[in-house]
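As given, the protein sequences belong to chains A and B, one line each in that order.
At position 44 of the first sequence (counting the first as 1) the number is 44 in full-length UniProt numbering, and the numbers step up by one without a gap.
At position 1 of the second sequence (counting the first as 1) the number is 1 in full-length UniProt numbering, and the numbers step up by one without a gap.
The reader is advised that the hints may include incorrect statements.
Reference listing, derived: stretches of chain A covered by chain B, where coverage requires no fewer than 3 residues with Cβ under 8 angstroms from a Cβ of chain B [stated by the list, open to error]:
#1 8-15
#2 54-67
#3 70-81
So the derived label-pair ranges between C-beta atoms look like this [to be verified]:
#4 2(A) to 69(B): 20 to 28 angstroms
#5 6(A) to 100(B): 45 to 53 angstroms
#6 91(B) to 61(A): 38 to 46 angstroms
#7 68(B) to 17(A): 22 to 30 angstroms
#8 79(A) to 13(B): 30 to 38 angstroms
#9 3(B) to 17(A): 24 to 32 angstroms
#10 60(B) to 5(A): 32 to 40 angstroms
#11 59(A) to 100(B): 23 to 31 angstroms
#12 34(B) to 82(A): 21 to 29 angstroms
Interface residues of chain A toward chain B, partial, derived using beta-carbon atoms under 8 angstroms [said to hold, decoys possible]:
#13 33
#14 45
#15 84
I should point out that these hints are in silico values taken from the structure, not numbers from a laboratory.
Just so we're clear, the structure is a prediction, and the values are computed from it rather than from any experiment.
Don't be surprised by glycine CBs; every beta carbon is placed ideally from N, CA and C.
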Amino acid sequence: MTLITDILFGAAAVFVTASLIAVYRILRGPTMPDRVIAINVLGSNVVIVIALLAAAIGEPGALDIALVYALLNFLLSITISKFTVDRGEVL
Amino acid sequence: MEIQEIVVLLLAAGGVFFAIVAAIGLVRLPDVYTRTHSASKSETFGAVLTLTAVAITFGWDLSSLKTVLLLVFMFLTNPTAAHAIVRAAADQDIEPWTTEDEES
Numbered sequence: 001m002t003l004i005t006d007i008l009f010g011a012a013a014v015f016v017t018a019s020l021i022a023v024y025r026i027l028r029g030p031t032m033p034d035r036v037i038a039i040n041v042l043g044s045n046v047v048i049v050i051a052l053l054a055a056a057i058g059e060p061g062a063l064d065i066a067l068v069y070a071l072l073n074f075l076l077s078i079t080i081s082k083f084t085v086d087r088g089e090v091l
Numbered sequence: 001m002e003i004q005e006i007v008v009l010l011l012a013a014g015g016v017f018f019a020i021v022a023a024i025g026l027v028r029l030p031d032v033y034t035r036t037h038s039a040s041k042s043e044t045f046g047a048v049l050t051l052t053a054v055a056i057t058f059g060w061d062l063s064s065l066k067t068v069l070l071l072v073f074m075f076l077t078n079p080t081a082a083h084a085i086v087r088a089a090a091d092q093d094i095e096p097w098t099t100e101d102e103e104s
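Please model the complete structure; the sequences and the hints are all you need to start from.
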């Protein structure tokens, strides 16, 4: 196990911890946009963790999963913010 | 230590720092607008630094190109999603947080 592998695994561990902190805001969040923001942060963290693990264990195929996950994460935020207000456009 | 290890260590440390800042801001700040301010900017910058570290780890490869593609995609979509959510919050008439003497 080389030093770069150790660095990548450690960074992935810290990102998982940051995701657990975001779970507090998802459970607690007083309003709906609070929860959506926290879910967006958690999804970004998951994408970064997948990319870090793909580099750490030498499995480049996992990067495709990370790309699709990032796409779905963006789509989720846009869709929720579009269909919770009575208005045609969002941006 | 080789030069690649030093660069990866510095970039990963910066990315981890900004992720922690985003998480703390998400918990500690008072309302949805300030939380979005913390989450969108710090999280995007942490993602950019960490994915740069991943791309340097892969070296000159197709995987590195995919990582850069993911980086550019997150750099574009993360602030856009935050903007859309906050605009929906403003349309739902969620009041911004203010201190007492600012309201007079």
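These are the hints, each one checked on the structure:
Coverage of the stretch 8-15 of chain A by chain B holds in this model, with 5 residues showing a Cβ closer than 8 angstroms to a Cβ of that chain against a need of three. Remark: the stretch 54-67 of chain A is confirmed as covered by chain B, as 7 of its residues place a Cβ nearer than 8 angstroms to a Cβ of that chain, reaching the required three. Three residues within the 8 angstroms Cβ limit are the bar, and the stretch 70-81 of chain A against chain B gives 8, so the coverage statement holds. For residue 2(A) and residue 69(B), the hinted distance range of 20 to 28 angstroms is satisfied, since their beta carbons lie about 26 angstroms from each other.
In this structure the hint that residue 6(A) and residue 100(B) lie 45 to 53 angstroms apart at CB holds, the actual value being about 50 angstroms. Here the CB-CB span from residue 91(B) to residue 61(A) is close to 41 angstroms, well matched to the stated 38 to 46 angstroms. Under the hint 22 to 30 angstroms, the C-beta atoms of residue 68(B) and residue 17(A), about 26 angstroms apart, fit the expected range. Between residue 79(A) and residue 13(B) the beta carbons are some 35 angstroms apart, a value that agrees with the proposed interval 30 to 38 angstroms.
Restraint check, residue 3(B) to residue 17(A): a C-beta distance of roughly 29 angstroms satisfies the suggested window 24 to 32 angstroms. Distance hint for residue 60(B) and residue 5(A): a CB-CB separation of about 19 angstroms, inconsistent with the stated range 32 to 40 angstroms. One distance hint, 23 to 31 angstroms for the beta-carbon pair residue 59(A) and residue 100(B), is violated here, with the actual separation near 55 angstroms. Taking 21 to 29 angstroms as the suggested C-beta distance range, the pair residue 34(B) and residue 82(A) conforms, at roughly 23 angstroms.
Among the interface hints, the one on residue 33(A) holds; its C-beta lies about 4 angstroms from the nearest C-beta in chain B, closer than the 8 angstroms criterion. Hint status for residue 45(A) relative to chain B: holds, with the closest Cβ pair at about 7 angstroms, below 8 angstroms. Interface hint status for residue 84(A): upheld, as the beta-carbon distance to the closest one in chain B is roughly 6 angstroms, under 8 angstroms.
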